[in-house]
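Chemist: Chain by chain, the residues run as shown.
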Amino acid sequence: MVSITVEGLTKIFPPRVVALDNVTLEIRDNEFLVVLGPSGSGKTTFLRIIAGLEKPTRGRVVIGDRVVADSENNVFIPPQKRNIGMVFQNWALYPNMKVFDNIAFPLEIKKVPRDEIRRRVKAVAEVLGIDELLDRYPRQLSGGQQQRVALARALVKEPDVLLLDEPFSNLDARIRLTAREFVKKLQKRLGITTILVTHDQADAFAVGDRIAVLNQGKIEQVGTPEELYDKPANTFIADFIGEPPINLVEFRVENGYIEDLGVELPGEAAGLDKVIVGVRPDEAVAAWEHLAASSVASVKAVVDTVVYIGSRLYLTVDVAGKKLRVQGLTGHTYKEGAEVIVSVKKMHIFHPKTRSRIVTLEA
Amino acid sequence: MTMSLKGFIVFLVPTMIFALFLYYGILWNVVIASTDYSILNPRMEFKGLKSFRELFSDPAFQDAFKRTLLWAGLLVSAGNLVGLLLASAIFQFEKPRLRNTLTTFFLYPFSLSLVVVGIVWRWLYDPFKGIDVLLTKFGMPNIQWLEGGNAFWSLVLTSIWVYAGFVALLYLAMFYNVDRSLIESAIVDGASSITILTRIVIPNSKQAVIIATIFLALFAIQMFDLPYSVLFLNPFTMTVVMYVYSKFTSLYFYLASAAAIVIIVVSAFIVIPYAVYGLKKWLLAGR
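Which chain is which? The protein sequence lines are D and C, in order.
Note that the first sequence covers residues 1 to 363 in our numbering.
Note that the second sequence covers residues 1 to 287 in our numbering.
Since the hints were made in silico from the structure, they are not lab data.
Check before you lean on any hint, since a few could be wrong.
Result set (BS3-like, lysine-lysine): computed pairs, CA atoms no more than 30 Å apart in a straight line [unchecked claim]:
(1) K281(C) with K98(D)
(2) K122(D) with K98(D)
(3) K218(D) with K55(D)
(4) K110(D) with K184(D)
(5) K122(D) with K185(D)
(6) K111(D) with K206(C)
(7) K95(C) with K110(D)
(8) K346(D) with K218(D)
(9) K98(D) with K280(C)
(10) K110(D) with K122(D)
(11) K98(D) with K206(C)
(12) K81(D) with K95(C)
(13) K300(D) with K322(D)
(14) K274(D) with K188(D)
(15) K280(C) with K6(C)
(16) K231(D) with K81(D)
(17) K345(D) with K231(D)
(18) K66(C) with K206(C)
(19) K345(D) with K274(D)
(20) K110(D) with K206(C)
(21) K66(C) with K50(C)
(22) K184(D) with K218(D)
(23) K353(D) with K335(D)
(24) K55(D) with K6(C)
Working from the sequences, and respecting the hints, build out all of it.
Modeler: In structure tokens form, the structure reads like this:
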């Protein structure tokens with residue numbers, strides 16, 4: 001049973017760069033948690049503090065039943081005593097050692113007997129499908145193979161926790177898909193508590209049981225991929241997650257109705273004079289007539305531009321002077337300047353000041 | 001990659017000027033070495049390899065040649081060893097400022113003129129003012145640093161003292177170049193700082209050995225100022241360059257030139273493999 005608890009974690013790099021700001025998070029046993037955030041959000045610092053490569057300025061880190069860092073009681077257990085397996089962004093394979101010696105390195109340090117080292121390296125290499133490569137040098141391997149060697153080296157010492165720092169960012173787009181699947185399956189099979197750090201939401205959605213979104217050193221939201229997509233806590237999450245990005249448009253509120261859209265607001269939202277409306281392009285369709293079945297709003301709009309993203313057709317439309325990106329129906333020909341009716345299936349309402357989500361309207 | 005003609009010429013001109021002066025001098029050496037031009041025979045007559053035959057049968061040159069090679073061997077091995085030890089020790093400190101201060105401290109002898117170093121060590125080796133006086137005070141036997149054959153070993157020691165800091169700097173430059181994540185990965189895997197140094201940092205700094213070896217060998221082959229400023233021209237510490245100097249000043253120009261060519265050839269043999277190695281690395285870098 002290895003869970004990780006992080007309480008009130010703050011890291012300040014002198015003179016005043018606040019990398020992490022009072023982060024509290026719990027990672028459950030056997031969980032695959034992804035820390036997702038744009039660059040500079042403090043996600044790598046978070047991982048390095050768990051590993052023990054950085055000391056927290058304030059806060060507590062507990063791995064399993066052991067306090068490994070506690071600023072109040074001046075506890076700090078160095079990385080070598082935390083039993084952690086870590087894969088670095090560039091994989092950090094030792095270029096002067098063959099694959100076998102790379103994987104054997106953590107065991108040699110622990111003074112494991114020779115033949116046991118050989119047995120364990122062989123076993124982990126088999127699990128990762130690299131047993132043919134043990135005699136090669138890292139430079140003779142492809143990116144995907146190097147990554148597996150790095151994983152093997154991290155796993156061979158049977159760590160309590162596996163930490164992965166942007167493990168897919170150095171891989172080609174093609175291999176990335178296979179690598180994600182592989183890592184996810186491996187994690188489930190070994191049942192090892194894992195934290196992965198990435199800036200790529202596709203990585204996060206592919207592997208994470210839960211995702212913690214970090215922004216400017218603060219956790220914006222923690223939840224399953226579905227929760228983040230369907231119930232974004234605020235405009236940052238809504239904007240950060242989803243492709244193509246969500247439409248976030250400010251509308252005025254009059255007598256409890258959103259102006260121009262004619263949607264009635266429930267509860268506290270009705271009392272505001274403005275709201276931010278979030279509509280995902282995939283949850284709004286532009287058509288010639290009102291699509292009566294299941295929509296929270298349907299409004300007249302004028303087609304501005306037409307774009308294909310992947311195999312899908314998207315339109316930028318003009319709704320009462322505001323630009324929205326919506327989905328088009330394939331097979332239709334949309335002309336610029338033509339009048340269409342946009343049917344919105346789902347709509348998030350955000351507070352204009354705090355920018356947090358008040359309610360989600362769904363048909 | 002293409003370069004404009006103008007750019008090509010701009011880069012070529014300084015190289016040409018440099019080459020002109022360098023090879024002009026070397027060429028004159030070759031010309032004089034092929035004669036027996038000296039105070040006794042002030043006519044430039046072609047004599048083929050006579051000067052080299054004479055040079056290699058001169059016991060003073062044989063002696064100087066062997067001594068220079070021995071000096072090079074000692075300076076290369078001990079200089080590398082001491083430099084590596086110094087660099088390893090400095091690398092153990094975490095604070096960059098402390099590291100820099102220590103590096104500067106050990107680099108200091110290298111920044112002094114070798115003549116100054118020679119004078120300082122002449123005092124230190126002096127039997128009536130130097131280290132020996134201290135040894136006597138503590139009841140230990142005197143070493144007689146500059147007595148006869150001792151002088152050579154004492155000067156080798158001084159040359160190591162001069163260059164070790166510089167070699168340490170070369171090693172440190174390579175150490176700092178080792179990818180930080182390799183070291184951190186090893187830390188997470190539980191490696192001690194000694195293990196990290198011996199298994200990861202040093203094996204990935206091999207180029208420093210090559211560079212340091214070449215520099216030390218060239219320094220040793222060109223050794224002149226240090227022995228000259230300690231003991232002047234002295235049969236116990238005579239190097240090839242000192243031999244050139246003594247022959248030139250006594251107006252045996254053909255012998256001085258021939259010995260100078262020997263120095264050039266020996267130096268080239270050290271530099272050529274390095275140049276080839278560097279060229280190979282450079283050409284293969286794109287692969």
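Chemist: If you draw a straight line from the CA of K55(D) to the CA of K6(C), is it 30 Å or shorter?
Modeler: It is violated: about 56 Å lies between the C-alpha atoms, which goes past 30 Å.
Chemist: Against the 30 Å threshold, does the CA-CA distance of K280(C) and K6(C) hold or violate the hint?
Modeler: holds (28 Å)
Chemist: Would the hint linking K231(D) and K81(D) be met if the CA-CA limit is 30 Å?
Modeler: Violated, at about 40 Å.
Chemist: Between K274(D) and K188(D), does the CA-CA distance stay at or below 30 Å?
Modeler: violated (46 Å)
Chemist: Hinted pair, alpha-carbon criterion (30 Å max): K66(C), K50(C). Please report holds or violated.
Modeler: holds (21 Å)
Chemist: Does K98(D) sit within 30 Å of K122(D), going by the straight-line distance between their CA atoms?
Modeler: Measuring from Cα to Cα gives roughly 14 Å; hence the hint holds.
Chemist: Given the hinted pair K281(C) and K98(D), is their alpha-carbon gap at most 30 Å?
Modeler: Holds, at roughly 21 Å.
Chemist: Please verify whether K81(D) and K95(C) have alpha carbons no more than 30 Å apart.
Modeler: holds (23 Å)
Chemist: Checking one constraint from the list: CA of K345(D) to CA of K274(D), max 30 Å. Satisfied?
Modeler: Holds, at about 21 Å.
Chemist: Please work out if K66(C) and K206(C) have their alpha carbons no farther apart than 30 Å.
Modeler: holds (29 Å)
Chemist: Given the hinted pair K122(D) and K185(D), is their Cα-Cα distance within 30 Å?
Modeler: Holds. K122(D) to K185(D) sits at ~20 Å (cutoff 30 Å).
Chemist: Given the hinted pair K110(D) and K184(D), is their Cα-Cα distance within 30 Å?
Modeler: holds (28 Å)
The structure shown violates the earlier hints numbered 14, 16, 23 and 24.
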